[in-house]
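Student: This is what each chain is made of:
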Amino acid sequence: MVTDEELVTRFRGYQLDHDNREHYRARLDHVLLVNRCAACGTWHHPPRPICPACWSTDVVPTPVTGRGTVFMAIFLYQGPAPPGVDYATPYPVITVELDEQVGLRFTATAIGASNDQLQIGERVELDWLERDGVPVPAFRLSDRAGA
Amino acid sequence: MISERNPLKDKIAFANAATTGFVPHNTDRSATSFAVEACVKVMRDTGLGPRDIDGICGPSTPSAQVLQHALGIPEITWFANPPVPFGNQVAAAMGAISAGLCDVVLAYHALHRSAFFTASALRDPFRRPPGGGGSGPGPDTIAMAVGYTAWASRYIHEYGAKREDFGRVAVSDRSNAADNPAAAMREPITMDDYLQARMIREPLCLLDMDVPVDGGDAFIITTAERAQDMPYEPVLIHAATLGQIDKSMEDQTPSLLRNGQHVVIEALRSRSDFWIDDVDVYFPYDGFTIITLNWIENAGWCGRGEGGAFLGDHWDSEGNRVLIKGRVPMNPHGGALSEGGTQGSGHIREAIHQLQHRAGARQVADPKTAMVTAGGFFFNSQGLMLRTA
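As given, the protein sequences belong to chains A and B, one line each in that order. Anchor point for the first sequence: position 32 equals 32 in my numbering, and the numbering is continuous, going up by one each time. Anchor point for the second sequence: position 30 equals 177 in my numbering, and the numbering is continuous, going up by one each time.
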């Protein structure tokens, strides 16, 4: 397992802490973990040390399917320019409502689609890209609409 | 839980407010220099010296410690540096004064163009953030300011809003700023100018976003009783609130029907003896045009999704600006979009000057009440109902 020291070194520039480290550690294996309460089953994001619904401290970073529906979609014409981002085409950032729970959302970029295909309501699934030596979550349009 | 209790009703007052004015470019000055300029101006204008101040409140730059040192204020018994928007400073001062921690608060807000607001700030080496390395999350987030663009996309999706609906906020603000010597952007714009403006974060363009400025505002806040002995008519804080819900993160905020703005409106409405029909001048926050449309709708000036149409229906063709019911101006100082991005201090300062009949060419005819709904949707919604005695 990647140690905390290695984790912080690899995710330079990210705000890592005791509550989100497992989420980031799993990204290295292309797994998206979201906190779920082992007591009441409620999901929440970003990671908190307690379940906001029932106050159980038994929150478990749990893999999600990565499937969901586009809830918000924007296209950046300028901004931070990490390797691979040049804004020659406006850069999509989408907030996806995950299938696991109403209101549980995850924000990432989108790949493999033109910007005018990235409409609110479209079905998407999780994929990954590489940036600065770490995997970055990204969504692709699902093959079957409404799947 | 939203309490209807309002023991501070009309008990705390703004005695005065002052501004340095704002410019939309880098000056060769520090944030502290703007804060102290505004503070000296408001203290001199109120006839107060360093020994008359016993409380200090502003955001973190400069800190209360630095400001107190720069102004040579010999001793204070209370200070705080909460984050903006500026309703946080007002609420903190109200609590401190009413609790007896201090009597006369000097509240300040310095604006300094930073890389957070504009990349061009980086031309000044003293504005560059300390090195770190790594890309971090880069642009793959809607945290902070980007969140408003994301919710604008949702607003358009849910209500079929047009760009013109947003544009009316920008055009009206700019028309108002023409009459404000303190404003950074005073050249009028047309709807065509708005529609042709450079896209920054689609669906929002340059003119949907407040203008980064250098400058400062300062305020004297004290008891209504003490303010009576000062040179200007006290502006009474009739009701005040901050509003935040549990899921206030930009992408987890439940909906356009459930966010901090709704808490603010419910609290203000239950604590205030007057409401929108009795408001003489209205200050819906406009750091982004989408915020303004939502405040107008959530406060009940019109129905959900009708904000843009409402502005069109209440358009003053002669002034090329919004005049609600032909009477109530909206952000007469030009707002964050045209006076400058002050995170609410400009809106509150203008409300005070309007109610004190000191707003120059922008003066509303004999206003008695003002409503300020400051901040956005997330961790920063807040409101003030203001009146004169």
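Since the hints were derived computationally from the structure, they do not count as laboratory data. Certain hints may be false.
Just the calculated beta-carbon pair ranges, DEER-fashion [what the hints assert, rightly or not]:
no., chain 1, residue 1, chain 2, residue 2, range
1, B, 472, A, 8, 51 to 61 Å
2, B, 505, A, 55, 45 to 55 Å
3, A, 99, B, 425, 45 to 55 Å
4, B, 210, A, 46, 27 to 37 Å
5, A, 143, B, 177, 38 to 48 Å
6, B, 425, A, 17, 14 to 24 Å
7, B, 505, A, 58, 33 to 43 Å
Everything numeric in this text was worked out from a predicted model, so none of it was measured. Each residue gets a CB set at the ideal place from its N, CA and C atoms; glycine is no exception.
Student: Are residue 472 (chain B) and residue 8 (chain A) spaced within 51 to 61 Å by their CB atoms?
Tutor: With a Cβ separation near 58 Å, residue 472 (chain B) and residue 8 (chain A) satisfy 51 to 61 Å, so the hint holds.
Student: Within 14 to 24 Å or not, the Cβ separation of residue 425 (chain B) and residue 17 (chain A)?
Tutor: 48 Å, violated
Student: Cβ-Cβ distance between residue 99 (chain A) and residue 425 (chain B): within 45 to 55 Å?
Tutor: 48 Å, holds
Student: Can you tell me whether the CB distance of residue 143 (chain A) to residue 177 (chain B) sits inside 38 to 48 Å?
Tutor: 56 Å, violated
Student: Falls inside 33 to 43 Å, the C-beta gap from residue 505 (chain B) to residue 58 (chain A)?
Tutor: Between residue 505 (chain B) and residue 58 (chain A), where Cβ atoms are some 60 Å apart, the hint is violated.
Student: Using the Cβ atoms, figure out if residue 210 (chain B) sits within 27 to 37 Å of residue 46 (chain A).
Tutor: Because 29 Å falls inside the window, the suggested range holds.
Student: Looking only at beta-carbon atoms, does the pair residue 505 (chain B), residue 55 (chain A) fall within the given range of 45 to 55 Å?
Tutor: Holds - the Cβ-Cβ distance for residue 505 (chain B) and residue 55 (chain A), about 52 Å, lies within 45 to 55 Å.
Hint violations for this structure: numbers 5, 6, 7, all remaining hints satisfied.
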